[in-house]
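Throw the hints in and build the complete structure from the sequences for me.
Residue numbers (the UniProt record's numbering), protein chains in the order written: chain A, 1 to 252; chain B, 1 to 252; chain C, 1 to 252; chain D, 1 to 252; chain E, 1 to 252; chain F, 1 to 252.
It is worth saying that the hints were derived from the structure and are not from the lab. Heads up, a few of these hints could be off.
Chain copies aren't distinguished; within one or between two, either way the pair holds.
Straight line, CA to CA, 30 Å or less: simulated DSSO-like cross-link-like pairs of lysine-lysine [unchecked claim]:
# : residue 1 : residue 2
1 : K184      : K242
2 : K151      : K184
3 : K82       : K52
4 : K46       : K184
In this text, all values refer to a predicted model and were calculated from it rather than measured experimentally.
6 protein chains.
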Amino acid sequence: MSRNDRKPDEIRPVKLEINTNKFAEGSVYIEVGDTKVICNATVEEKVPPFMKGQGRGWVTAEYSMLPRATHTRNIREAAKGKLGGRTMEIQRLIARALRSVVDLQALGERSITVDCDVIQADGGTRTTSITGAFVAMCLALDKLEAQGKLKRYPVTDFLASVSVGVVDGEALLDLRYEEDSAAKVDMNIVMTGSGEFVELQGTGEDRPFSRQELNELLELGETGVRQMIAIQKEALGASSLKIGNHGTGGLA
Amino acid sequence: MSRNDRKPDEIRPVKLEINTNKFAEGSVYIEVGDTKVICNATVEEKVPPFMKGQGRGWVTAEYSMLPRATHTRNIREAAKGKLGGRTMEIQRLIARALRSVVDLQALGERSITVDCDVIQADGGTRTTSITGAFVAMCLALDKLEAQGKLKRYPVTDFLASVSVGVVDGEALLDLRYEEDSAAKVDMNIVMTGSGEFVELQGTGEDRPFSRQELNELLELGETGVRQMIAIQKEALGASSLKIGNHGTGGLA
Amino acid sequence: MSRNDRKPDEIRPVKLEINTNKFAEGSVYIEVGDTKVICNATVEEKVPPFMKGQGRGWVTAEYSMLPRATHTRNIREAAKGKLGGRTMEIQRLIARALRSVVDLQALGERSITVDCDVIQADGGTRTTSITGAFVAMCLALDKLEAQGKLKRYPVTDFLASVSVGVVDGEALLDLRYEEDSAAKVDMNIVMTGSGEFVELQGTGEDRPFSRQELNELLELGETGVRQMIAIQKEALGASSLKIGNHGTGGLA
Amino acid sequence: MSRNDRKPDEIRPVKLEINTNKFAEGSVYIEVGDTKVICNATVEEKVPPFMKGQGRGWVTAEYSMLPRATHTRNIREAAKGKLGGRTMEIQRLIARALRSVVDLQALGERSITVDCDVIQADGGTRTTSITGAFVAMCLALDKLEAQGKLKRYPVTDFLASVSVGVVDGEALLDLRYEEDSAAKVDMNIVMTGSGEFVELQGTGEDRPFSRQELNELLELGETGVRQMIAIQKEALGASSLKIGNHGTGGLA
Amino acid sequence: MSRNDRKPDEIRPVKLEINTNKFAEGSVYIEVGDTKVICNATVEEKVPPFMKGQGRGWVTAEYSMLPRATHTRNIREAAKGKLGGRTMEIQRLIARALRSVVDLQALGERSITVDCDVIQADGGTRTTSITGAFVAMCLALDKLEAQGKLKRYPVTDFLASVSVGVVDGEALLDLRYEEDSAAKVDMNIVMTGSGEFVELQGTGEDRPFSRQELNELLELGETGVRQMIAIQKEALGASSLKIGNHGTGGLA
Amino acid sequence: MSRNDRKPDEIRPVKLEINTNKFAEGSVYIEVGDTKVICNATVEEKVPPFMKGQGRGWVTAEYSMLPRATHTRNIREAAKGKLGGRTMEIQRLIARALRSVVDLQALGERSITVDCDVIQADGGTRTTSITGAFVAMCLALDKLEAQGKLKRYPVTDFLASVSVGVVDGEALLDLRYEEDSAAKVDMNIVMTGSGEFVELQGTGEDRPFSRQELNELLELGETGVRQMIAIQKEALGASSLKIGNHGTGGLA
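Spelled out as structure tokens, the structure:
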């Protein structure tokens, strides 16, 4: 299996639209190739019980796929009566990643929930969700700022994510579903605009990977994240200037 | 509260796109005003246990709303661990309505599941789902027919749905959310292309309604369904000629 | 299949006993033919969280069938760990219907829950439940009034329900199970003593129904509800004089 | 608190009606004082997976209370989504007790489920359920026998149950709710017609009990069970002659 | 099947270690033959809602088995999503037994939860849990006393438990799994140091048992409990002198 | 906070006992510092439905903590009725890691489930579980081999895991709970005996980490895994010679 739609170190075409939902405080529709995700950010003036009275905010995320986002239909988790392990793992990942670039003190005692609903899945749904969710969250914060509710803008850096993997011995950036299924090694990388790592999840279920392979994958990841951040910047426009570290070296 | 965006007997602008999902056998994206629904039809070569070996098929439906389809965020039913009564009621309604215009014998021992996922909700999500789901189902059946799997086309008539209600003493067609909340009497009407009723669900929780009001609402409903069917016909194109009763009087 | 136990526009023999439970504030045992339902009304001095502090009351209902109420044994919903869609739909219907004839302001900040438990099921369990639940609710309100807790009696009108349907081309009133299974069109009608509609739920899963059939069914429904209300009046005795609209035309 | 409605060694008035359900293979309505239970026995021509192919049958039981069987309303277990510990404990007890007097080989590869639904609860609901369930089970077996499906009648002995307890230092037979609440020691006794024990469950949560108290309680229990079996015999009529050990000494 | 590892009235070797957990307020590791249980007692400065503001404490217990505590692997109850009936029955029994020897007034408004986790099961897991849980609870109370939080030591008596049963016509003390499976009659006995009964649960599912057999089993039970209490005393050391009734006759 | 119980690149004392459970096919008790885990491997002669008839085996894992494994008591997941996200994430990780060193073809159509039950938790429960689970799995495979059920030994390499992290700017190996809570960057590393990576999960929730920090952490991880594998080898004794790659360079 050899990639012929683009070079090994190229990402798929990306489309990122903002303000797509009439009700949500921040909303994004993002396509990375045939992977399509709706990201809606909700602001609520309350925090989880364990954080009450500390003056700090909270950011969380939920992730779901429409039953027919995939080749065959999946039974809804609501019908099964419980969230699957994969879903929980992904929504915990998205939330942790978002929080890593938010100053919770600056957010104030309120919470932001970003819902990532996958409309169509062709590989990289979790990385696409993170990239889109970051923008949805920024838009919601813009609204809070415009309402004078924030002392300072709480986003400390850009944040985006891509998948990388080894397929047929070749390191590839941004795997589509077919490539992902054939990958021996599979890694999700979340990085900041400053070029540092927030999450690194590499798995070699089919065969282990060497230190050298790891290094190749990290290079590809950096390339991909850099491009994703450029797209985020364009979508956010002037608003992107408020994001911490925006001018300082790094990937942003 | 008086309607000023259109006349009492007018429906909102409708947009109906087909083949919007890469994987589903039939797919539709439908907007009725600000209500937006994705309808994906899945064909599976099996039937529920209670129907096995009878040579007849089955049609079913599921309904869900994205958490931020509404003004405030709703907790996901998957997170709650169970489907709410409203959801169950609606998906039972959609499925019953679809089955009423399908010859299950002609479908053969296979099943069609239509998933209706509400992306944005501004009143009439269940009626919009039915109108869209009917088209998604037809598209899936077109595919089965093209594969030579059907002896005859199993759709016996067109099927569409609208809501009607009494707001401030005035009978209105196709209520948006604001109108729906103010309605004293609220009715969902599902009709066939022949102009007959498939489902009639009228509720007067705030005050009962008279026989005369019922008659007015039924007239409005017929007007609305007629327009919805015209839109379905256009979307289906030539394929709509295969649908039973297509030439005979009625609304189609 | 032709009905031979009674005329098409006749209801089955009805038995309605009151005060059958030692603990419940209001209790009724009702038989309509071989359908047997226990209705117990409970008064609690609290309202659901979303209604607190408004000075208004709430009326709700629950519905269940004993496992062997039917020809074959059903698995208990408690054993399955969730309520089925049919159960939820029915208990929402009963509750909405009861609330339509209660002045929640006059009830005051307390709630009434009416439990309808079907002991034996032979068609019309939801309509029988509504007819019985209305009486159980009135009895509970009588007790509240006797305790001086009500400023005025909150029941604004009588309320009863019957099923109607089209079987072998013939419109029939009050279907027993065998008729219900054979019905092409099936409708549940809830009306007030004033002869207006509170709920209308008609389904033509096997074939759609025309406007004319609808009219025939509505006539039969009115006939049936009129008789049910007469039986309720007799059971309630003097207490029925307190119910709003009792003297004004209509069905009561 | 001193008992004044009857002597310490007297049971409450008992009413036991048979064939009260139109559908169940065996059905009983039993009252012991104000405790009222419906017992319906269902025969199914299958056994649980772990017993398949052994040629032996199975007997099981389920127990439930209507929400308003008690002074205040209990939330339904179906609404909670799970069975409580008390319910599970009781239905396991009823089932074990019934199996102790059934020759499962003689029953053949089929199962009997006895549903015990408490309509009103005034103490002794589990013991009343056992006494009623035994008769419902016999009636269902009578039907199987009449259909020629049994080689021999599988009931080896009579079976009944009563509660006993120590209230204010006095040993009492057949406690009503008020007495049960005040009891320091509380015991449920299930015995056969031959006068032997099948289940003995004694609890001294408030204070432990001595060997002598135990003996007193066992005497009372025997007295009570003897009377319950006499009532069962009368209800079963000629059919009771088929039950094993019917003529041999013991309590029957 | 004849017992050859010890005499019919002998218990298996017992090992009882204390303070085995670094975090729990009281902790015990107990082995009775090949049955191994970890008992951890937790003190929390709160009581269940129904007990608030009464100045009295509460004692409760939970019971679980590791999946491979038994010959074949059991599915985890957490994976099934609910507690089984056997588990609930056992944890209710342990809790009731513990409460029977605790002066809840003296405990003060706080609660003790004893977790009994069976590491390996070879018969008698519930009786072993009770015997171990009593010691874990005492250790937790010692800690509370040392902190000056108790006015008086709240344990009124010793408490231990053993199983007895009839196997091949012979009454046996402390059944191991193989014996338990072969037992026709099976009884769990919980007694205090004063030699009185707290719980008595006898079951004759395979055949009923006579009064004489009951007496034999009670004698064996007393013998077994006496030995268990001696072991508890040794483990508790000086602390055992605080337990009520410690000097007065009885088994302690 | 500075580590004073050992050097930054040292692991805690490890104790690894084998054959600790009488029933399990493979069993291990492992302590890493104060973290204590029981690992039991179960062999079942069946595979999950999606793998039937392929002649390949399956390896899976479950993970749980006793309620009082931690400073304060956690509510049991069985009592909550569902597995938490953290638990699911961990058991998926353990299973993936084990499968990475098993030749599923050589295992044959059977499955191995390794249960990891944390008795006491002081940091590194998931890494300790992996290290112990690997040995329990090998022991179960030894048993299968001794029974002549395996054509060849299916373990292709050693497998162990450690945690690493950055605390107060210093990279540390094998974090205990206190260090883990203070860590800004936290990484779990699973490696084979050949020195390659199987899983890499790094998180910088509190602040992102640089490429250089990553390299330092990977060095520490390799050091730790090397020591864990030495301990595994000693525990497995001669049996360790059967493991693939055992002689070839790497960490083993």
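Each hint, compared with the structure:
{"no.": "1", "hint": "K184 to K242", "verdict": "between (40 Å within a copy, 25 Å between copies)"}
{"no.": "2", "hint": "K151 to K184", "verdict": "between (48 Å within a copy, 26 Å between copies)"}
{"no.": "3", "hint": "K82 to K52", "verdict": "both (28 Å within a copy, 26 Å between copies)"}
{"no.": "4", "hint": "K46 to K184", "verdict": "between (44 Å within a copy, 26 Å between copies)"}
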